[in-house]
Amino acid sequence: DQQVKQNSPSLSVQEGRISILNCDYTNSMFDYFLWYKKYPAEGPTFLISISSIKDKNEDGRFTVFLNKSAKHLSLHIVPSQPGDSAVYFCAASADGAGTALIFGKGTTLSVSS
Amino acid sequence: DAGVIQSPRHEVTEMGQEVTLRCKPISGHNSLFWYRQTMMRGLELLIYFNNNVPIDDSGMPEDRFSAKMPNASFSTLKIQPSEPRDSAVYFCASSFGATTSNEKLFFGSGTQLSVL
Chain S
129 DQQVKQNSPS LSVQEGRISI LNCDYTNSMF DYFLWYKKYP AEGPTFLISI SSIKDKNEDG
189 RFTVFLNKSA KHLSLHIVPS QPGDSAVYFC AASADGAGTA LIFGKGTTLS VSS
Chain X
72 DAGVIQSPRH EVTEMGQEVT LRCKPISGHN SLFWYRQTMM RGLELLIYFN NNVPIDDSGM
132 PEDRFSAKMP NASFSTLKIQ PSEPRDSAVY FCASSFGATT SNEKLFFGSG TQLSVL
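In order, the protein sequence lines correspond to chains S and X. Residues 129 to 241 in the numbering used here are what the first sequence lists, from first letter to last. Residues 72 to 187 in the numbering used here are what the second sequence lists, from first letter to last.
Don't read these hints as lab results, they were simulated from the structure.
Listed below are several chain X residues computed to face chain S (Cβ distance under 7 Å; list not exhaustive): (1) Gly113; (2) Leu114; (3) Tyr119; (4) Phe162; (5) Gly179; (6) Gly181.
Result set (BS3-like, lysine-lysine): computed pairs, CA atoms no more than 27 Å apart in a straight line: (7) Lys165(S) with Lys95(X); (8) Lys199(S) with Lys133(S); (9) Lys175(X) with Lys165(S); (10) Lys182(S) with Lys175(X).
Each residue gets a CB set at the ideal place from its N, CA and C atoms; glycine is no exception.
Throw the hints in and build the complete structure from the sequences for me.
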């Protein structure tokens, strides 16, 4: 049973527009959330994170929003660039449980110029 | 630092053969993780170690899979015997710190395994 769900396998966006990638989770114990980015033939790399005590975290063009009541988070990329084309993984963990990160299946973002 | 180093990058083997994947974590990192990526299941955790001790191996598919971490700078993931359904990309990752939750993971480039 997937505890972290990324229901959109792919997303296509034009350069300069906003990309919104969504993630839902089922485990209410999760209290830390991360986004990883993966290019072909490379391992995932950390992009941005958010603690459950916040509802927003921003880093340059990337912003993550957390809605705890809905068990939903989203990653916004503004403006999108062709170099952002990659697979984006949502991940979550429960600090107190000492568990490793649980990842979603990923969403492939394609940004066209 | 060279990052997390995995070998081999690609492995093609026949069903029934033993496969050994290797990983060198980033120096100074206390935790090491093995993940497997497939289209159907995405990135799934197989096992993780903290200070060379296996902490959670609940993700290991079955007894055909085993992992060891004999020292802080080396880990192996072994599949014996291998089956076609084991075909996937296997990632090793490491992180600094005794806990896993708030530490960023640093991934290797992965091993693409194909079992024919």
